[in-house]
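K.L.:
What follows is the residue order along each chain.
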Amino acid sequence: MSQIKLQNITKTYQVGEDALVAVQDVSLDIQSGDFISIVGHSGSGKTTLLSMIGGITTPTSGRISFEDTDLSAMGSDGLSEYRCRKIGFMFQFASLLPMLTVKENLLLPTMFVPEPERTYASKLDDKAAELLRSVGLLDKINAFPGQLSGGQQRRVAIARSFMNNPKLILADEPTGDLDEKTEQEMINFFKAMNRTEGITFVMVTHNSELARQTQRRLKMHQGSLQTLPSGE
Amino acid sequence: MPERFTLSSLAIRNLRRRPLRTTILIAALTLMVAALVFALSFVMRVNASIQLTSERLGADLLIVPTGARGAAEDILVESHARSFYMDKSIIERIRKVAGIDKLSHQTYLVSLIGMCCSVPESMVVAFNQETDFVVKPWLKNKLGRNLRKGEAIVGEESAFNISLGLVETETQLFGSPFKMVGVLDKTGSGLDTAIFISDDNIEDIIKNSDAKIKADQISVIFAKIKKGADAYKVMSEIENNIVEVDVVMRKDIGKSLLSALGDIRKIFYFTMILSTILSLFLVWAIFTAIANERTREVGIMRALGAKEGHVVKLFLFEVLVLGAIGSIAGIIVGTSLAVLLAKNFSILKNLPIDIGMLSRLLIAAAGLLFGTGICVLGALSPLNRLKKLEPLIAIKQE
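Chains A and B are the protein sequences, given in the same order. Residue 184 in our numbering is what sits at position 184 of the first sequence, and the numbering runs on without skipping anything. Offset between the second sequence (1-based) and our numbering: plus 1000.
I should point out that these hints are in silico values taken from the structure, not numbers from a laboratory. Check before you lean on any hint, since a few could be wrong.
[As the list claims (entries may be wrong)] Within a straight-line C-alpha distance of at most 30 Å, the following computed DSS-like cross-link-like pairs (lysine-lysine) qualify: (1) A:Lys127 - B:Lys1313; (2) B:Lys1388 - A:Lys103; (3) A:Lys167 - B:Lys1207; (4) A:Lys140 - B:Lys1396.
[As the list claims (entries may be wrong)] Derived CB-CB ranges, DEER-like: (5) B:Leu1280 - A:Lys191: 49 to 57 Å; (6) B:Pro1019 - A:Gln31: 46 to 54 Å; (7) B:Pro1019 - A:Gly33: 48 to 56 Å; (8) A:Glu209 - B:Leu1377: 51 to 59 Å.
Ideal Cβ positions, reconstructed from N, Cα and C, are used throughout, including at glycine.
Can you build the whole structure from these sequences, using the hints too?
P.N.:
Written out as structure tokens, the structure is:
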């Protein structure tokens, strides 16, 4: 059984009187534990595709299912629960809330877990500390985003995406602001999480070197998806 | 145990982010609620005084010389010293009107500081002891006998004003010595500021002072009507047959004051409506700005799993905190103004009663409800727009 199944997905934006096709007739099967990279030029539809998989926007046509459940049948609250319990997002921009400390930013997604299922606050604190240690920022746990560099903020956002034990990480240019060394450390961290926790990764990147380190490589071109042969 | 990070703590952080904007909004709400509380306190105090006076008068009809209706209300409701007179023979003409049960009359004499009396300016009320049903029920301690010549009883505030407190004190009224032999219970009406003497004294007063009154004159007749009789019919009959008098029904006492207050009340209400619209617009504008500013944050929160309900709760908490702080501040300011400025409004200064604690609490509750209600109402439209935004569109907004 596929974890994620995309069937003939098309997304069209209306820009004035013109219809802009961002994603065109894309079909894709993602298995649990896959580590997939998507490369492509700016505006090729990568972020839109990722957003549709994550349920933060809906396709104009086609069907997306997660573990055989059709996303279009979930409704607004159902999609929120799906994002909360199953998905970890890494955005391509700074996405920390400025009035919250690093620790509070990590705890933010846990606030949306329904009360009976919520883990004890102390365990969540431990988990936040553990994730920050993994991305090398434990010493910044009480800092505010404004006190961090762009790269540090990016690493906090990476740590945050793992807080709710997601089954699928959707990473949009997750290492954009990082230097080469830190970038590799983060990729190693992703690989470790993929291997040990079985978390599925779909990562959009411009960096072909990084893409080569993933199991499957896909390329978006003018809204269409192509599979790249290994080694290309 | 570590403190749980919650939506409400997040809302408080949000309010602290823009202290100036938060302060402006709270100040606007404070002013609006203060205006409401002040206006309500003013209107309720006037209404309560009039109602109490009419309830405690003990008479169904108040009969005064033609044109003296306003002056009579001045005395009864506002405690102003006034004098007006009519011929005593009118009593017998009224007694013949069908439906009349009991009649009692009083004569009002204005005492002026330094001219007639050794007490501060007061209304001196000469009443007929045989027929009285207005004054005696309020005597604190029953005298057990009629007032004698040269004896007086005083209203509660008068007693306080002339530092009597204790009875059996001697003072000068209209050139004659008077012994204060009793104090009335607080009536909450103009009677509280008056000094009461028996009408047997009028003859001496006329002799010993410059009081412009003749022996056969009275000021007011109180009438009780028979059970089952129609007060309106009785009033009409008196007014139609005796042109020298005006009749005020108990329920109409204070009507002229209310009518005089009409324009002030209209100005209050108009100001309230304008300030409400202004506040509503301000709340809407500020929350639209807040919603625009936080669209991206909301998009991120939605992407991290927040439901529409979480967004609503977060913003509603902010709105309620702002509304509650602004309203409570407004209640304090409005109540303080109502109490302090009452001394500067001649219309309130003379009203015998203040509104009670229950009324103050009701006004406060109305202020709280109004302030928070305006806040919620103003924030509704931007909040609704924000929660309905697709997360991706929200995230992409700068």
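K.L.:
Are the hints correct? Go through all of them and say.
P.N.:
Outcome of the hint check:
1. A:Lys127 - B:Lys1313: 26 Å, holds
2. B:Lys1388 - A:Lys103: Cα-Cα ~29 Å, so holds.
3. A:Lys167 - B:Lys1207: Roughly 108 Å separates the two Cα atoms, so the pair is violated.
4. A:Lys140 - B:Lys1396: Distance ~28 Å between Lys140 (chain A) and Lys1396 (chain B) Cα, so the pair holds.
5. B:Leu1280 - A:Lys191: 49 to 57 Å: 56 Å, holds
6. B:Pro1019 - A:Gln31: 46 to 54 Å: 52 Å, holds
7. B:Pro1019 - A:Gly33: 48 to 56 Å: At roughly 49 Å between Cβ atoms, Gly33 (chain A) and Pro1019 (chain B) fall inside 48 to 56 Å, so the hint holds.
8. A:Glu209 - B:Leu1377: 51 to 59 Å: 56 Å, holds
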